[in-house]
Every structure is written in structure tokens, then in C-alpha cells.
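Peer 1: In order, the protein sequence lines correspond to chains A and S.
Numbered as in full-length UniProt numbering, the first sequence ends at 175 without a single skipped number.
Numbered as in full-length UniProt numbering, the second sequence ends at 175 without a single skipped number.
Careful: at least some of the hints might be erroneous.
Which copy is meant is left open, because identical chains are indistinguishable; a pair holds if it fits in one copy or across any two.
[Claimed, not checked] Calculated pairs, DSSO-like style, for lysine-lysine (alpha carbon to alpha carbon, straight line, at most 27 Å):
hint: 1; residue 1: Lys47; residue 2: Lys29
hint: 2; residue 1: Lys121; residue 2: Lys84
hint: 3; residue 1: Lys84; residue 2: Lys162
hint: 4; residue 1: Lys29; residue 2: Lys121
hint: 5; residue 1: Lys152; residue 2: Lys121
hint: 6; residue 1: Lys47; residue 2: Lys162
hint: 7; residue 1: Lys84; residue 2: Lys29
hint: 8; residue 1: Lys121; residue 2: Lys18
hint: 9; residue 1: Lys75; residue 2: Lys162
hint: 10; residue 1: Lys29; residue 2: Lys108
hint: 11; residue 1: Lys108; residue 2: Lys18
hint: 12; residue 1: Lys121; residue 2: Lys47
hint: 13; residue 1: Lys162; residue 2: Lys29
Just so you know, these hints were derived from the structure itself, not from any lab.
There are 2 protein chains.
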Amino acid sequence: MGGEPTRIMLAVNESTIKGYPHASISSRKAFEWTLHKIVRSNTSGFKLLFLHVQVPDEDGFDDMDSVYASPEDFKNLRNRDRAKGLHLLEFFVERCHAIGVGCEAWIKKGDPKEVICHEVKRVQPDFLVVGCRGLGPFQRVFVGTVSEFCVKHAECPVITIKRSAEETPQDPVDD
Amino acid sequence: MGGEPTRIMLAVNESTIKGYPHASISSRKAFEWTLHKIVRSNTSGFKLLFLHVQVPDEDGFDDMDSVYASPEDFKNLRNRDRAKGLHLLEFFVERCHAIGVGCEAWIKKGDPKEVICHEVKRVQPDFLVVGCRGLGPFQRVFVGTVSEFCVKHAECPVITIKRSAEETPQDPVDD
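One chain only, chain A, in its complex shape (with noise of 0.2 Å):
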């Protein structure tokens, strides 16, 4: 039972409450639930898989206050939203780099659930891990889940870690 390690992918996100560069309360919840569960002191025989799915700010309400005057403006906008979201990566390939875990990890831009599902079948690790906010079946309506959706979905095994009852926010909808 050598060989290749086990490829886990880990979706993770910033979070809605702090913004970038901090990782949602789920996100890391379900990355320290991995290390503490699964990989715990068998380092070398796990791979994570880190990818951050950034959703196009359509109506560009982050960025009221800029003029967009030239096809370099939107480029210098593409570019801080990059730069955000390797900031976030940062933290969890850090982690992995202090405890001796291989690690890689990329952002994409779309449809969370869509793009995570069509990175499964690319890169076809051997599972994947999605945090989750718990939500009751009421707000689930309004908000929607990832996790649901890669379940029903993604072509690779999936086990969703719900944040605990002490880390959820007054608003379960924050994370």
C-alpha cells in the first residue's frame, strides 16, 4: 500500500465575512479535518489538491469607485483579483509546506459547483473534500450548496465537512 499517494482535491473559498485574503470558516475547517483525519502522520502518502473557484464579479459592485478608461485598467482588475486569490492559496500551501504534506493549487474563474465538478473530471483525484455551512433546509433554498450539487455531481468520490455548531456565525449564511 506504497506507491502514488492519495490525490485529495479541497475546495476552498475566502471568506463572506472577513473578504479576501482569509479563508472561509468552512474552507478551513475541512482542510484541518483532512489533515487531522486523514493524512494525520503519513505525509508523504497524501497529495492535496487546492483549487479556488473565483466567481466573475459581474456587476462589479466591488469597484464602484473606479473609472475604466482603457483595455489596461481591465486588465489591472483581472490582475488584483488573481493576486486576492493567490493570497488565499497561500495560506493552505503554507500549512502544507510546514508539516511536510505535497501540495498544489490554482484558481479558476466561474460557477463554483460547475467549475469544480469539471476540475474533478480533469485532474481526477481520488477524492474530494468540500467544506459546507450547514444550512437548514429553508436558507438551503435561497443560498443554494456546492456541496450538494459536487455530491450529486462530481465523478469522484466526495465527503462534505459541515462547519460545528461553535464555529458558525450568528448569520449561518456567513462563513
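Go by the hints and put chain S onto chain A.
Peer 2: This is chain S only, laid out in the frame that chain A set:
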């Protein structure tokens, strides 16, 4: 990251084609997957908890030629069922023993999906592994799936392992 081993519950059942004591294709698949992809060489880091749920034989179809004349007969029947279940569990326990992974195994009677979720609540494993026949949506309506119920209702993370295409019998409802 030493300490207590990670406790993985596996729900296992008998083959619908070959019957007891043969394990279903999906149970064996889920078990082998857990050993190869999670446990790997770290045999002391994990403990496997095998739960086999026996469905009560309400219509007595398997025993149409039997005559029940006394309470003793029923007791014998129950003992026979139990023996069959133990033979099934023996397969998993022996394999664990051979490779040096700690384990426990037990039998419960009832509706598998309800009993599995109840046992998760009682035993509190770190996560649950369930095999799955990978039925299409049309077959699912009539067959129902234990795995889908557990993903929704079990009070721990759940990972569903599908049979691979080459392991699927001609009739995918068989296993």
C-alpha cells in the same frame, strides 16, 4: 497528529446475487477503497467499525419450507440469521487482522438506512463509508438508496464509493 486512531464506520451488506456469506460488490469496493486510499501504510492510525444491518425477513420467504411449532423454532431461526451475518463480517475482520488494522464489527436488525444513522449517532465515528450501486435516476426511484439517505441524515461526514463500471453486473440492481 498521533493520538487516537481515526474511527471509520463502514456499512456492509451481503451480495444480492450470491447471498450470504458473500459481501456485496459495493461493500467490498468501499472496503478496499478505504484501505488503499485512506489507511494506506498507516495501519495504526485507523480503526474500522463494520456495521451489518439485517433486514427482518417479514414475509418469511427464505423459510417457506420451515414449520414453526414452538418458540424454540423462532429462536433457532434468529440464531441462523445471526450466524449468516457473522460469516459476512468475518471476511472483513480477517482481512483487517491480516494487514494489522484494528477493527470492530457488529450486527443490527432493521431498516438499513435508519439503523446506520442511529448507529452513527451512538458510536460517533469520524466518518462513514458507504458503498453504492451507482444506479441511474430511473432505477433509483424504485430501489431507493441507503447512501443518499445517509449523506443527508447521518451526523458525521459521509463518503459514498460507487462500484466501477467493470464491476457492475448486467442488472445494476444486483450486487
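Peer 1: Which of the numbered hints are not met once you compare them with the structure shown?
Peer 2: 8, 9
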